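Number of protein chains: 2
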Amino acid sequence: MSLPTFDGWTCPIPLKDYPNIVMGHGAGGRMMNDLIRHLFAAEFQNPLLGQMADAANLDLNGGRLAFTTDSFVVSPLFFPGGDIGELAVNGTVNDLAMSGAEPLFLSAGFILEEGLPMETLGRITNSMARACRAAGVQIAAGDTKVVNKGHGDGIYINTSGIGTIARDIEIAPQNARVGDSIIVSGTLGDHGIAVMSVREGLTFETEIRSDTAPLHGLVQTMLQAAPQVHCLRDLTRGGLAAVLNELAEASKVGIEFDETKVPLKGAVLAACEMLGLDPLFIANEGKLVAFVPEQLAERCLGAMRRQALGQEAAIIGRVVADHPGIVVARTSVGGSRVVDLPAGELLPRIC
Amino acid sequence: MSLPTFDGWTCPIPLKDYPNIVMGHGAGGRMMNDLIRHLFAAEFQNPLLGQMADAANLDLNGGRLAFTTDSFVVSPLFFPGGDIGELAVNGTVNDLAMSGAEPLFLSAGFILEEGLPMETLGRITNSMARACRAAGVQIAAGDTKVVNKGHGDGIYINTSGIGTIARDIEIAPQNARVGDSIIVSGTLGDHGIAVMSVREGLTFETEIRSDTAPLHGLVQTMLQAAPQVHCLRDLTRGGLAAVLNELAEASKVGIEFDETKVPLKGAVLAACEMLGLDPLFIANEGKLVAFVPEQLAERCLGAMRRQALGQEAAIIGRVVADHPGIVVARTSVGGSRVVDLPAGELLPRIC
Chain A
328 MSLPTFDGWT
338 CPIPLKDYPN
348 IVMGHGAGGR
358 MMNDLIRHLF
368 AAEFQNPLLG
378 QMADAANLDL
388 NGGRLAFTTD
398 SFVVSPLFFP
408 GGDIGELAVN
418 GTVNDLAMSG
428 AEPLFLSAGF
438 ILEEGLPMET
448 LGRITNSMAR
458 ACRAAGVQIA
468 AGDTKVVNKG
478 HGDGIYINTS
488 GIGTIARDIE
498 IAPQNARVGD
508 SIIVSGTLGD
518 HGIAVMSVRE
528 GLTFETEIRS
538 DTAPLHGLVQ
548 TMLQAAPQVH
558 CLRDLTRGGL
568 AAVLNELAEA
578 SKVGIEFDET
588 KVPLKGAVLA
598 ACEMLGLDPL
608 FIANEGKLVA
618 FVPEQLAERC
628 LGAMRRQALG
638 QEAAIIGRVV
648 ADHPGIVVAR
658 TSVGGSRVVD
668 LPAGELLPRI
678 C
Chain B
328 MSLPTFDGWT
338 CPIPLKDYPN
348 IVMGHGAGGR
358 MMNDLIRHLF
368 AAEFQNPLLG
378 QMADAANLDL
388 NGGRLAFTTD
398 SFVVSPLFFP
408 GGDIGELAVN
418 GTVNDLAMSG
428 AEPLFLSAGF
438 ILEEGLPMET
448 LGRITNSMAR
458 ACRAAGVQIA
468 AGDTKVVNKG
478 HGDGIYINTS
488 GIGTIARDIE
498 IAPQNARVGD
508 SIIVSGTLGD
518 HGIAVMSVRE
528 GLTFETEIRS
538 DTAPLHGLVQ
548 TMLQAAPQVH
558 CLRDLTRGGL
568 AAVLNELAEA
578 SKVGIEFDET
588 KVPLKGAVLA
598 ACEMLGLDPL
608 FIANEGKLVA
618 FVPEQLAERC
628 LGAMRRQALG
638 QEAAIIGRVV
648 ADHPGIVVAR
658 TSVGGSRVVD
668 LPAGELLPRI
678 C
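Keeping their order, the protein sequence lines are chains A and B.
With the first sequence counted from 1, adding 327 to any position gets you this note's numbering.
With the second sequence counted from 1, adding 327 to any position gets you this note's numbering.
A hint or two may mislead.
Treat identical chains as interchangeable: a pair holds within one or across any two.
When the alpha-carbon atoms are kept at most 20 Å apart in a straight line, the in silico EDC-like pairs for lysine to aspartate or glutamate are as follows [unchecked claim]:
hint	residue 1	residue 2
1	Lys-343	Glu-446
2	Lys-476	Glu-527
3	Lys-476	Glu-441
4	Lys-343	Glu-441
5	Lys-343	Glu-440
6	Lys-579	Asp-649
7	Lys-476	Glu-672
8	Lys-476	Glu-440
9	Lys-588	Asp-605
10	Lys-588	Glu-625
11	Lys-592	Asp-605
12	Lys-579	Asp-667
It is worth saying that the hints were derived from the structure and are not from the lab.
On a predicted model such as this, the values are computed, not experimentally measured, just so you know.
Only chain A is shown next, with the shape it has when bound in the complex (with noise of 0.2 Å):
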């Protein structure tokens, strides 16, 4: 056979060092923004895939649309508080969510392993239906491929979603503004610690649940007690030091934080310290960041907290004109460190 022609491909510069896909280049940190920027979007000529928001925002049909995709291959399949097909179903909901869309339809595209058992299949499909009516969406589109046995690992799902976004909502990773109030939703650190958990066999005096929630009715609190929100993220690979580097970086603006101010189980802090790893830096499945302005904030934080998933919600920071680009925390014994985007994997395969 005579080998397809590439028009002179070179491998762009800031790729070099690693000649070999490695578990980092999925982490959510810099590793995977360099393979984004520097390869997809670079090749594919698309400032929106640079941008690294949530969901694309595209004008069709004379509306507003959001539209984004999103795969899942965490291991194991099941973990306290979740699985595999709630999570599918709650991540892309979120990536909609996310852009103040509301989401409508989604996708369902199935990479099955030869030798799955139909009831796992069975049981992660009536999740995935169980989510999709909690979140007030349909599956529309599906596709199903079977792969060789030791080609996969049980099931891979994606999952693309669509919904129709307000004429009047401007939310974007470059809208930060300096002054804004950085508000999360919840606790950190729920879910990574939750999948971890199940797959290192480490067993806690209190369960720690993943926390995969459909985030978009609480958006819609939000929105209403604050309309001008002007960052929205949810902190899922590379946690909220990923989301914070990103929006930082989009902005062109500094961030504070008050490390002692972000809400933390006690179980999940103790997991951290116990195996050397930063909250801050682990994934979560329902909670998400906001960048608000300074005078909206008390009113936005009191309308989430008045909800099931915004119960713990906290003002953590603000938008500085300092150090634009750099994220840092004042820590628990009075000093401050700068919080870096994660290079490469922490905990792999978490969604």
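Dock chain B against the given chain A, drawing on the hints supplied.
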């Protein structure tokens, strides 16, 4: 840990013969149909999924939208005439085109296996970008996951797509009418045999190349010549045999076609005879079948033949009132045979 509870999920009866997923569940034949109808469509309670249309047809923002998803797991990644990247773009463009939509935006979800050479990923991305430019679509959203070595096969790609459908288009698997002429757009089996020949190390006198191509331009031409096209399907997994059976069942009509009129390349026919395969069951990635009212068929065919992708189009048969749900082929020796839906797996991992 306590496993999540599943409200009495039990395996639907038609799936009970298979306690585990086998390759046939992804092959486009009866086993895959059973899985979709009795598990996915039943759980998601969504009649759209049971109708087996190539793309969902949604009302949104006061207009009509097509939405579809497809995962690509082809092995090997590069084959004569194409690669997984080009396939992933054209496949989803074609699913949109088959509902009469103008394809506009795609998402790209990558599942990369640890160890994949960066250069391979670069070549595939470059190929996707070129296919997007050729088809006039944009990749608007992306996602990257990495799985451990031994849990993938280099790269799997999911593409989902959205496009707009003009108000007057009425194409659906249920719309075949008695008397309709059945047109195929060109030679069958090229893609499947091209991939298979690399995988099995076969060489033929003439190189057989994949027919991967975007078909929405051809569809536009057809709709201009024959606005009342009733059904359109691209002939992917399961080939012409699977599609004709699905349309006969969806429309509750009979189908008759003349085997000698089905366009075939000599080399593909020779390969099929050598391998004991029936070209009617083999996957194509740049061919479609159309059901067109008889009085418009010649005009539609003429318009197709003036396009590069329809040069070898042919009318192969018609829709009949007899034997609803059954597809009958007139054979070269003057007899006839029932062409059933393929049961399970002919050529695994062909797309």
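When the hints from earlier in the document are held up against this structure, which numbers fail?
none
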